[in-house]
Each structure stands twice: as structure tokens, then as C-alpha cells.
Amino acid sequence: MASQLERYIGEINKKIRELHRMSTDAFMSSMKAFEDLDQAKAAEVRDKSEKIEEVAMKIENSVFETIARRQPVAKDLRELATYLQVSYNLYRIGRYAYKIAHIVRLCEGLEHFKELISLPLLARLAKDTIDYAMMGITDRDLSKIDELEKLEAESDRETGEMFEEITEYLRQRTDITTMAMFYVIIGRYCERAADQAFSIAERAVYMVTGERKKLGLAYKGQSGDAPH
Amino acid sequence: MLNTRTSEITGNLTNLHSLVRTALTKAMKAFEDLDLDLAEEAGAVSTQVEKLHQQIEELVFNTVSKYQPEGIELRRLITYNNTSGSLRRVGQYAEKIGKIVEYCEDYDHFKELESLPYLADLAISAIDVSMRAVLDEDLSEIGELEKLEAQSDREAVDMFQEIADYLSRRRDISELAMYYIIIGRYCERAADQAIRIAESATYMITGERTKLGLMYHEDPESMLD
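Sequences listed follow chains H and B, in order.
Residue 1 is where the first sequence starts when you use this note's numbering, and the numbers rise one by one after that.
Residue 1 is where the second sequence starts when you use this note's numbering, and the numbers rise one by one after that.
Treat each hint with caution, since some may be false.
Cross-link-like lysine-lysine pairs, in silico, BS3-like; alpha carbons within 25 Å at most [what the hints assert, rightly or not]:
hint: 1; chain 1: B; residue 1: Lys147; chain 2: H; residue 2: Lys15
hint: 2; chain 1: H; residue 1: Lys51; chain 2: B; residue 2: Lys211
hint: 3; chain 1: H; residue 1: Lys114; chain 2: H; residue 2: Lys214
hint: 4; chain 1: B; residue 1: Lys211; chain 2: H; residue 2: Lys58
Since the hints were made in silico from the structure, they are not lab data.
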């Protein structure tokens with residue numbers, strides 16, 4: 001029979017799964033809203049982001065309440081500390097969704113000056129990275145951790161190419177600076193979402209093995225592009 | 001005693017704040033001068049930041065577990081944990097700026113760097129304001145943060161415009177231009193962490209979760225941290 005501490009931890013695990021679903025859903029919806037410059041969809045994303053924050057706060061309260069009441073040690077304490085950190089990472093991903101939706105609002109009256117290919121791809125790569133990292137947290141499954149760096153390399157390549165392409169447009173046109181800035185910023189939000197996934201993966205490794213490990217190409221000095 | 005533990009944590013937070021200031025200042029100076037040695041020093045400070053953050057996190061959890069605090073005492077510990085996390089992230093931005101200096105080994109600046117050091121100064125000032133709110137439990141300076149954020153937003157937009165002008169005239173600078181933009185964003189993100197710290201301070205003192213920052217005033221001109 002599960003102890004009370006195990007039941008509390010199980011409840012928090014469920015909330016973390018829910019937060020993962022909400023955050024990635026909001027993030028992908030925000031990219032779709034930007035792609036279509038869809039104000040109604042952007043407004044929905046902003047609402048979702050508020051709900052994400054509420055769930056993250058509930059997790060924070062539950063974690064501290066559980067530590068205070070049940071005084072866990074070693075593995076259990078590590079698990080709770082991990083949930084707290086991961087909840088923050090997922091909340092940040094929800095915030096990027098909010099900010100992309102905010103950019104959609106600032107785009108009133110503007111149009112895309114090129115077909116959007118890189119940004120939806122970067123968003124998809126970020127989502128895959130988050131999903132792989134979250135398997136380590138929710139299921140203690142670290143089997144996909146090695147895949148993360150491949151996704152990161154692909155994301156780095158795409159970001160570099162996107163920036164080159166935008167630069168080329170800026171050389172030809174003077175009326176697109178604001179939209180070009182939004183493309184760069186949203187590209188960075190995708191990278192930052194993937195960055196949160198690396199932080200999640202590092203916590204997963206810590207939770208499962210008890211070891212602190214740095215993940216990502218930047219830490220191995222292999223990345224040919226900008227640090228994320 | 002809970003008070004003794006709390007004092008130990010605030011002492012560590014004060015040290016962490018100081019380390020983070022040093023890391024960001026050194027990293028920006030290293031980029032300004034494209035100085036690899038200084039970038040390495042900034043990286044070493046960032047490593048210290050990481051370790052101290054881990055110590056603070058462990059202290060907070062052990063304190064909550066051992067003393068089972070409630071009300072303001074629990075909120076204080078939650079705030080210390082969140083503040084430490086925010087400072088750690090600023091340390092990570094400093095480390096990343098240091099990495100960019102390594103990538104710039106074969107480059108020269110194509111313009112005089114004014115905006116980036118200014119953005120770093122604004123971020124450090126914002127963090128100072130927020131840290132006073134946490135450590136002195138005094139929210140009287142919080143209003144300053146939005147002024148600093150507005151200055152930072154204006155500068156970031158002007159910088160992007162200036163870089164776009166350069167890009168339209170020169171073909172050989174796109175990679176360095178990208179680094180300018182990325183470092184500018186790190187500074188903005190550092191300032192964003194200052195806002196997060198101030199929100200935690202507000203929660204600690206009032207018990208209420210409040211949003212700070214220009215974005216929440218629906219200001220259409222507000223930039224995107």
C-alpha cells in the first residue's frame with residue numbers, strides 16, 4: 001500500500017503531466033497564431049498562459065507543503081525538488097507562448113514578408129525536445145536523452161539559416177525591420193523553450209541517478225552556432 | 001533555530017548576488033574587448049554561481065523539512081529559493097556571453113559598442129533594486145524597475161534598428177550582428193529575472209502573487225523580454 005508521502009508525490013506527478021500538456025499546447029498554438037496572424041487565437045493563448053501559471057503555483061505550494069508536512073529525505077526530496085524546478089521550466093514555456101501571442105497583437109496592420117517555414121519547424125523541434133526531456137521526469141525514462149543533442153544541432157542549423165535569410169531580405173527592403181525583429185525574437189523563444197527542455201533533462205538525470213550533469217552541445221564546445 | 005538558518009541563506013544570497021554582478025560585468029567587458037582571458041574568468045565565476053545556487057536550494061529544502069515553517073516564514077524560504085534560481089540564470093547568461101566571445105576569435109566589432117554595455121548596466125541596476133527588496137523586505141523601490149525596463153526596451157529597439165541599417169549596407173557582418181542581438185537579449189532576460197525577483201519579494205511580504213513589468217500594463221509599445 002502506498003504511503004501518504006507516495007500519494008502526495010503521485011498527485012504532484014499528475015499535475016506536472018497536466019502542466020506539460022498545457023504548456024506545449026499553448027506554445028504550438030501561439031506559433032500557429034503568429035503564422036496566421038490570428039488575433040482571436042492569440043487571445044486564447046494569452047488566457048491559456050494565465051491558467052498555466054495557476055497550475056505552476058499550485059505545484060509550488062504542493063511541493064513545499066509536502067516537504068514541510070512529510071519531511072522527505074534523499075530520493076523523495078530529490079524528486080520533489082525536481083518537480084518544483086520542472087514546474088518552473090514549463091511555466092516559462094507557457095510565458096514564451098504568451099509573449100509570442102503578445103507579438104501577434106503588435107503585428108496588427110503588418111504582414112509576413114516571406115513564407116514562414118523556419119519558425120514552425122523550430123517550434124516543432126522545441127516541442128520534441130521538451131517531450132523527450134519530460135519522459136525522464138514523468139516516467140523516469142532517460143532513453144531519449146541522447147536524442148536531445150541531435151535536435152539541438154538541427155535547431156542551431158535552422159536558426160543560422162533563418163538569420164541569413166532575414167539578413168538577405170533586410171538588404172533588399174527597408175520596410176520590414178519590425179517584422180524581421182519579430183522573426184528573430186520568436187526564433188529565440190523557440191530556442192529558449194528548447195533550452196528549458198535541457199534544464200528539464202538535466203533535472204531528470206539528477207532525479208533518476210542522483211548525479212548533476214550538464215547537457216547540450218554548448219557544454220561540449222561542439223556547437224557551430226550561437227549558444228542557446 | 002529557524003532564524004539562524006534563514007540568516008545563513010540570506011548570507012549566501014548576498015554572496016550569490018555579488019558573484020552574478022561580477023560574472024555579468026566581466027562577460028560584457030570581455031565581449032566589448034573580445035578578450036578571451038576575461039571571458040574565461042567570467043565563466044569561472046559562473047561555475048561558482050552554479051555551485052552556490054545548489055547549496056542554497058539544498059539549505060532551503062532542508063530548512064523547510066526540518067522546521068516546517070508556515071505563513072511568512074515559509075514564503076520567505078520559497079522566495080529565497082526562487083531568487084537564487086533567478087540569479088543562477090543571470091549567471092548562465094554571463095557564461096553564454098563568455099562562449100560568444102570564444103566564437104568571435106576572428107572577428108572585430110563593426111561598430112562602437114554602446115548599447116550592449118548600457119543594457120548590461122541597466123540589468124545590473126534592476127537586479128540590485130530587486131535584491132534590496134528581498135533582503136531588506138522593503139518594496140519602496142519596486143517602481144524603479146519599470147523605468148529601467150522602459151529604458152532597456154527603448155535601447156534594445158534602437159540597437160536593432162541600427163544593426164538592421166548596417167546589415168543593409170554590409171554583407172560581411174551577419175554573424176557578428178546576430179551575436180549583438182543575442183547578447184542584447186541576454187541583457188533583457190537578466191533584467192526580466194530582476195522583475196521575477198521583485199515579484200517574489202512582493203509575494204513574500206504581502207502574501208499575494210502580483211505581476212510586475214510593462215507587459216502587464218497592456219502598453220502596445222512594450223517590448224518583449
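Comparing the hints with the structure gives:
no.	hint	result
1	Lys147(B) <-> Lys15(H)	37 Å, violated
2	Lys51(H) <-> Lys211(B)	14 Å, holds
3	Lys114(H) <-> Lys214(H)	37 Å, violated
4	Lys211(B) <-> Lys58(H)	17 Å, holds
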